[in-house]
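Asker: Chain by chain, the residues run as shown.
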Amino acid sequence: MTPIQPRTLGTCYYPEHWDRSIWEDDAQRMVEAGLSWVRIGEFAWSRIEPRESEFHWDWLDDAIEILGRAGLKVVLGTPTATPPKWVLNKYPDMLAIDAQGQPRKFGSRRHYCFSHLPYRAEAGRITRDLAERYGSNNFIHAWQTDNEYGCHDTVVSYSDAARSGFQNWLAARYGDITALNKAWGNVFWSMEYDDFSEIDLPNLTVTEPGHIHQLDFMRYSSDMVVAFNKVQTDILRGHTDAPLIHNYMGRIVEFDHFGVGADLDIASWDSYPIGFLSDRLEASDAHKQHFLRQGDPDFQAFHHDLYRAVGRGRMWIMEQQPGPVNWAPYNPAPLDGMARLWAWEAFAHGAETVCYFRWRQAPFAQEQMHAGLLHPDSTDAPALSEARQVANEIKAMPDPKTAKGDVAIIFDYASAWAWFAQPQGADFDYFRLVFDMYRALRRAGQNVDILPPDAPSLDGYSAVFAPGLMTIPDGLRKILQSTETPIILGPRTDTKDINLTIPTPMGPNVEGLDVTVRITESIPPTAKFDLKGGGTARHWFEHITGDAETYIETIDNQPVLVGSSGLFYLGAWLDEAGFDRVIQMFVTPHKMPAGVRVRDTDTHRFWFNYNPHSVTIDGNEIPTAGVIWQKL
Amino acid sequence: MTPIQPRTLGTCYYPEHWDRSIWEDDAQRMVEAGLSWVRIGEFAWSRIEPRESEFHWDWLDDAIEILGRAGLKVVLGTPTATPPKWVLNKYPDMLAIDAQGQPRKFGSRRHYCFSHLPYRAEAGRITRDLAERYGSNNFIHAWQTDNEYGCHDTVVSYSDAARSGFQNWLAARYGDITALNKAWGNVFWSMEYDDFSEIDLPNLTVTEPGHIHQLDFMRYSSDMVVAFNKVQTDILRGHTDAPLIHNYMGRIVEFDHFGVGADLDIASWDSYPIGFLSDRLEASDAHKQHFLRQGDPDFQAFHHDLYRAVGRGRMWIMEQQPGPVNWAPYNPAPLDGMARLWAWEAFAHGAETVCYFRWRQAPFAQEQMHAGLLHPDSTDAPALSEARQVANEIKAMPDPKTAKGDVAIIFDYASAWAWFAQPQGADFDYFRLVFDMYRALRRAGQNVDILPPDAPSLDGYSAVFAPGLMTIPDGLRKILQSTETPIILGPRTDTKDINLTIPTPMGPNVEGLDVTVRITESIPPTAKFDLKGGGTARHWFEHITGDAETYIETIDNQPVLVGSSGLFYLGAWLDEAGFDRVIQMFVTPHKMPAGVRVRDTDTHRFWFNYNPHSVTIDGNEIPTAGVIWQKL
Amino acid sequence: MTPIQPRTLGTCYYPEHWDRSIWEDDAQRMVEAGLSWVRIGEFAWSRIEPRESEFHWDWLDDAIEILGRAGLKVVLGTPTATPPKWVLNKYPDMLAIDAQGQPRKFGSRRHYCFSHLPYRAEAGRITRDLAERYGSNNFIHAWQTDNEYGCHDTVVSYSDAARSGFQNWLAARYGDITALNKAWGNVFWSMEYDDFSEIDLPNLTVTEPGHIHQLDFMRYSSDMVVAFNKVQTDILRGHTDAPLIHNYMGRIVEFDHFGVGADLDIASWDSYPIGFLSDRLEASDAHKQHFLRQGDPDFQAFHHDLYRAVGRGRMWIMEQQPGPVNWAPYNPAPLDGMARLWAWEAFAHGAETVCYFRWRQAPFAQEQMHAGLLHPDSTDAPALSEARQVANEIKAMPDPKTAKGDVAIIFDYASAWAWFAQPQGADFDYFRLVFDMYRALRRAGQNVDILPPDAPSLDGYSAVFAPGLMTIPDGLRKILQSTETPIILGPRTDTKDINLTIPTPMGPNVEGLDVTVRITESIPPTAKFDLKGGGTARHWFEHITGDAETYIETIDNQPVLVGSSGLFYLGAWLDEAGFDRVIQMFVTPHKMPAGVRVRDTDTHRFWFNYNPHSVTIDGNEIPTAGVIWQKL
Ligand SMILES: [Zn+2]
Ligand SMILES: [Zn+2]
Ligand SMILES: [Zn+2]
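From first to last, the protein sequence lines are chains A, B and C. FYI, the working numbering numbers position 425 of the first sequence as 435, with every residue one higher than the one before it. FYI, the working numbering numbers position 350 of the second sequence as 360, with every residue one higher than the one before it. FYI, the working numbering numbers position 472 of the third sequence as 482, with every residue one higher than the one before it.
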């Protein structure tokens, strides 16, 4: 495996948007700004192959040549997220179908169903054409597959292709229909099937479908994404040694990123802190107001840590927000300094490369109000000078090696699906729970590692947290017995088996921890159960029985955090004060002003000020939107 | 008619969920807990007849035998709420169609359209098969038809079967199309038809359909439920003398429960106080917070009184919530004591039998998070000991005979449909209005009878209320002339004729009460019109003219409650203080702490404390979630 | 062109709803009440032609004769908004299709797709039949085409007819597909087409469709309305010299009213102040509460001014709310006096005629709860005596000539569509922006003219405002260079070209005004950027660069209002205080109590008190809901 590379910057460029006459100048300006990488091609299918088998390679040859000769390393994207109209004409049933049974039409992007095998083959075919032409091109230093899998809610499709694919997948998983009926508990409402071909997709049922019906369909849908991607990586591996990358999005949990990541070399993601604050974060109005032009101080960090795990240590930002975007409900501009801060936050979390999206704002089409490093009239946008500053700064600090985390959290996509299939409370969500705990760790100044549920070891951490991990895999269960690291399970951890069924004995069933949860309450946002000593339980509350010692309890003496022999179980979703108390049983928090975050690499400690005002820490002032660092 | 039976307890049991080896032990434990009844079979079609005409009776024979021999009386359910997949394969068009035109698919329950005649016949056929086998079985002491008609919004279907059924129904009702055009006022927007076959269902119209079009479709849809049920009761009557029961739900008004009830012997309902507080009750956040783990203090009482009327005196709880459920937006656990309190509240309102749903929580399928009397691992859930306590208590007080109410409210399903068809204000709802008045009566400590609109007499009450009764039936109109009971009509009562048309003279047209309403205001939630002397008008306000004396008026001197010769008209929807004032004109309220409710039987007065804290009343302490009683 | 006519009153009448025996009496009562006009026929197709080619003219002949002989002038409506069922039977595909792909069914009104050419022809055919029979009838003094184009969201349809019509329209607009691909920027996501026949309608796309795809579809849809109406006006012109009118609605912006108006003689509109306050106005709860029974004090005025422009000086109220309506979320009754106030407000803004909707409240069908001048039982409703009072008052003041406005606002339907296609913020809307500025002008007591974007001159005003005018037409751009009137552009004005593309140089590009906007922020409702000197920026904030002088800036020194040589640019959406400050740079406000509005004609100044309490102004008391006037 290629080792982690020195810190670099880049940008996303669309030569097909601009007159060929300015490509050279654009390339020069990129280089002058200190950028090393340029990503191209991922939406250009209609210009590469405007009609079936009619290829226009010349412009792309030239673009790569011009960019490469200027000194830029090219990331070439497979254009499979935007099949041209002729592909749809060829396969009219390739569109995904929404939950209401309507086709999701042509006219934007990601208009394909992952279960549609002929389109999957067509995507492989264009990948092969690209790979054959450019696989050994010296200017191409990495490949990107497709673009933002899952964006715009595109993992799940209720198409005919999905239904028959799902039936085959179930047949393979369960072998015979009796096994499925038993695993699904279909006796419950006479839902038993005689044959796999009778099984429909779990949409539009009279009341909720079986939770395992739902969960298996999400497992299947995730597998389709992995398989779609693997077609491309298998082809690319045959033609290139350059690393393969996909650009994930923020808070997309509908497919297993670890699964896709296993076939890639680097995990990258598209980081839009202000857009994400607006459109995918539970927070109070006051919080969203305070961080309006900075983005949430933990959301990016979480994804850096998550994707560093998905990339087995190698992580990029493939698209970094440079200014206002167009796609969130509201789209404020970043404060001056944020385009630099976000880049350094990524580097501090181990990013090798940060590419700003995009070089020049296109004046047309859907994203014309989405900023770039240049304005549409080619003048410098504010982020360009910040990028230039970062480019200079990394010259002195090229080494991205992150410290091993002080603590770790286990993140499990299958649990996200299980919570979705069986939320038990209207606003419950696995990501939200894990992220609430992650935030508490960040408030305490901890370096966090995010681990997959099949992590080979939990050793070397002050504590490892596994909130909401509905089913504990066998490997992990064994590790829990051997590690000396304090492990904090719950709420809801290990309460279901692989078929989303309650086991007997009832969980959690972790040796050494005498805890059983037989009664679970989901409670509305207005309700809370106060804790002795501060903090409160919210959303989710479990009635804990067993011999484990109680560390935190409610004012009514109901246990909330219990433990024995280094294994702990937290039976509730807590508020900030409550989570802070749990954390502080295991780690000593850094003292920091609100809105400031800290992150260490092997060599440096970085302080980030997400506030819209300056702060002082240890006598050092950090300006508004500022970042400072010191050698460790 | 069989007289009202002594108080008993029971539970719902699914032998098909459990290994046969534990049935005997389960039966023993039920008996030991003091339970007398066990309901079985209502979802077991796929185990009775897994493929067409292939019957597996043995397990059901055994289950009945085991339960019966243990000393339990069995209620056997017809399994028609969950037709197996092969039935759907046989009749692919049997699914209901939603208002958007989509079939409501297989994979949960109630996946049939009431208008689909072949399925109705198939449901009759399986009923006959069960009746022939078990009609004279000595262990079967009652039958239940289907399960929870109308649950999951299943009364109304926009299927082809519904459309042609509706056309025939209209032809039968109106005779010729000219009569329909006139009754519907179709001249209004050139909506006149030439033939009944031209009439479509009232969904997806450009703007609202004709209100009477809507209302007639709801009348038709209700008739389909009555007819569906009657197929089964006609068959069962031929094979058994055991009483026939259906288990209604809470706040389902889409079909006429009196109509279905006319073909049954006992009305039962499924009482989920905490689920219903969460998912079907208008109340402030503070109210929902206060009663979070107890349920609303009046919602159950209302349905007890309603279904006692539907059952002509005979009422059961077929399913009683024992712990957290799974299906409401939020699902807290009941306070200790509530499983007892709810049972006694039911008994005090005349219930013969209270069956806890369910014996053992199934670890699989949709309701795996729905509590039972046993946990999935067969340990006792908290409600089991409360059931045991109730079982002991009723030994001393077996007689369920309820006192005749102090006051009565008329409840009319057709008015609910008329309000739905013509709400005139965005959040208006007939149930909500009636229930607001019912709550005021309960706050005043009154025993309430709920009467159908064709009640033969209104005598013997301190007052009878008929809020929102859009059209007064002829029989009732006559009774209003002869009774000496004070009658309080309005708001909106008697303002429309049977075709939802404004009559001339304009209503109300009750002899002896000179009141006319020509102007009606619907007002937003933020607005209110204050009353002289306290209270305020909200939601609905009528401009009253006529010679009747004014008893309550607004601060602007607009009459709100008027009356003459024992007939009163209330021209507004009031707040709590306002309704309390109206009530107190006719009855003397009991003094009680907030959250306490009282109910009398012929022999006892019961006090229920719905508060999450103890209270003192007349020197007696009632603990949290407690119930006490005294001999009258 | 016929000059503006003296002030008159009228009503809407449906002889087909009532027994012929009362028509004569109704006509007498109308005349006695002082009404001059009666509109009939617009929903009566099923009575005129109940089956294809079977005409029943007699009743309509009689009705016209009776009304005319009584002294009333008749407005005859073409009945094309309510085609009878047989028309739908003839053209089953004439229904509009909603955005979800469902047909919008028969059973109410406006159930046709504007793109359906056979129905358009059928509508022309019935228009011709009416025109031939009544074109020279002396009692008919005006014609109305159809009814309330666009009501119930009926401009846009996703039908097959619309798709092929759109394809043809695009082919005509762009000539060849390459031009369209370029104009739409289809290269962006490989959305390029090979042929116009490949272009689908912009619904149900995976994520948002191209903004210009959306905008062109709205342009097309608007053109269909214009074309539909023109079929009728062309026919009518051949048979009558009476003026042609359409009755527009409030806040419908989906089609170009100026375009429809160009083929008509008079613009009328249907004014429902209380309904509109409830269902189509952004305002605080407190505002809606204060004006609950009076309606918003500016909404009607805005539409009077707008439609006076659409009618090139000739404006009517074809339907004036007389009491509670039925169709808004909440439907309070007007305060006594409002039916008079609204009429005088219309007259003061130049209305020739105000027709109350409707003569008698029909007791049946959808609008049975919608008041009239008579109650359903033929007794006088409150508005009748107010109409009588107005009828007497106008005898002394017949002249409706309005003063030229003090100031003007440009209103551009195409900008409304462009904002809809590209809002950039979740709750942004062109009408809302323009109306916010209009309100500020009204608060300052200004007489406002609303101008189309192709107004031939901007001279003679204290100031002209052009907020949100996304693209400046060539003619207007020239006028900006020559007028001496101060012009206030922005926010967003002149920032896009005709293809909704950002131009280079970036806008605004108005000679003499050195301003460029390169960065735009959309900000959530909770956020605001305060201004030095008072007021705040909300919703929308632009980063202004250039040499123009700054007049208003934020507390962070960012320019908000800049200008040079009489041209100004406002770079933000402001709150009330902020807009007031901008206005007061150009005009001297009248001092008036809150809730009072003023409007001048050539001869008089009118004061309207919209408050639910009396006020004193210049020593004169204006009672609640009162209007007073004085000679200028
Ligand atoms: Zn992106
Ligand atoms: Zn149930
Ligand atoms: Zn109208």
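Since the hints were made in silico from the structure, they are not lab data. One or more of the hints may lead you astray.
Unchecked claim - DSBU-like cross-link-like pairs, simulated, lysine-lysine; straight-line CA separation at most 35 Å:
(1) C:K601 / A:K115
(2) B:K100 / C:K115
(3) B:K538 / C:K601
(4) C:K298 / B:K298
Asker: Are the Cα positions of K100 (chain B) and K115 (chain C) separated by 35 Å at most?
Answerer: holds, 31 Å
Asker: Between the alpha carbons of K601 (chain C) and K115 (chain A), is the straight-line distance 35 Å or under?
Answerer: Given that 35 Å is the threshold and the Cα spacing comes to 56 Å, the pair is violated.
Asker: Would you mind confirming whether the straight-line C-alpha gap from K538 (chain B) to K601 (chain C) stays at or under 35 Å?
Answerer: holds, 32 Å
Asker: K298 (chain C) and K298 (chain B) were given as a pair; does the straight-line alpha-carbon distance stay at or below 35 Å?
Answerer: holds, 28 Å
Of the numbered hints stated above, the single one contradicted by the structure is hint 1.
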